[in-house]
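Asker: Keeping their order, the protein sequence lines are chains F and P.
Residue numbering for the first sequence follows the working numbering, starting at 578 and increasing by one per position.
Residue numbering for the second sequence follows the working numbering, starting at 20 and increasing by one per position.
The hints are simulated quantities; they were obtained by calculation from the structure and are not laboratory data.
Where is the CB? At the ideal position from N, CA and C, for every residue including glycine.
Treat the hints with care, as some may be off.
[Claimed, not checked] Covered stretches of chain P, as calculated for chain F (at least 3 residues, CB under 8 angstroms):
#, segment
1, 29-38
2, 66-78
3, 84-90
4, 109-122
Here is how the chains run, residue by residue.
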Amino acid sequence: METETAGAEPAGTHEEVLAGWRAVLPACVAVVPLGLALGVLVVHSGLAWWWAPVLGAIVFAGTMEFLLVGLLAAAAPLAQIAVSALLVNFRHVFYAISFPLHRVHGAGWKAYSTFALTDEAYALTVTPESAGWSRARIIAIQAFFHAAWVICVAAGAGLGSLIPPQVVGLEFAVTALFVVLGLEAYKVRRSLPIPVLALGCAIVAALISRENMLLIAMGMFVAAIVASYVLTARRRRRV
Amino acid sequence: MSDPWYVLSAIAVSAAVTWALRAAPFAMLAPLRHSALMAHIGERMPVGMMVILAVYTLRDTDPVALASAGAAVLALALTIGLHLWRGSMTLSIFAGTAAYVLVTSVIAA
């Protein structure tokens, strides 16, 4: 895998931005249906169309945005909205372990890079071939994805009711995106126990609480990984 | 509906919580970055997180209703099969989504 695209060569900023664009394009295409769906949802919930791009640009966390439209429609109190955001986006805490923020120099760039640290940005920048990517390429990936998302959400709000309500299931694009990114991540170690463990955690978490399954599953998964580390370290010491 | 200040505050609160969750751990995890444990976790995290996120997006699928689970299984098989065969992210995602939309829309109609 490492030989596929040698990312270590010193390239100019222009080339790096272009390379970022090429890397992020599939993710941009993948979120088109979801962005359109969010835009449609915003308009259908009774908000003015221009709230859709505002929401997409400022919150920039897809799952939370879908949830927020529902909370706004229900006139939920701000405290409830804050707790929902905390639970839905808590998984991002784990991203700091492997996201290459140390290669994004400068406080302003770091601020933007953490602001735009979506699931997709994380998945695209922790692949084996991304090991030497520059700040320009990482920021380009995040900014192109941000722009694509805002445009799609705005387009969805603009089109509004043009998408016939009989067309359902567009949200599967997000599932497919995570599955494909999971397959790419699998190629790093080609070890089956880890994805199987994650699947087990996800299913158990869904059985415990479907609303909070994301947090429970990720907590269990990280705990299990830490336990496996402690066990191997102890076994090694005994030998 | 709704007061624009309420909507704006709700958006600001969501964005602030999200940003804090994304940015704060970098400061706290920085000393641990070079530890063997963090390397162990970091290496195994991406694939696990993607599996969990994928299952999460399917959380409302009814495992016993053929219309719901059948469409998901078919679309997942198509997505995974195409990706292992051709390795094109765009193709895998498009084909899987198209299959899912087609099946669920036809069943819903």
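Asker: Would you list, in rising numerical order, the hints stated earlier that this structure does not obey?
Answerer: Violated hint (a single one): 3; every other hint is consistent with the structure.
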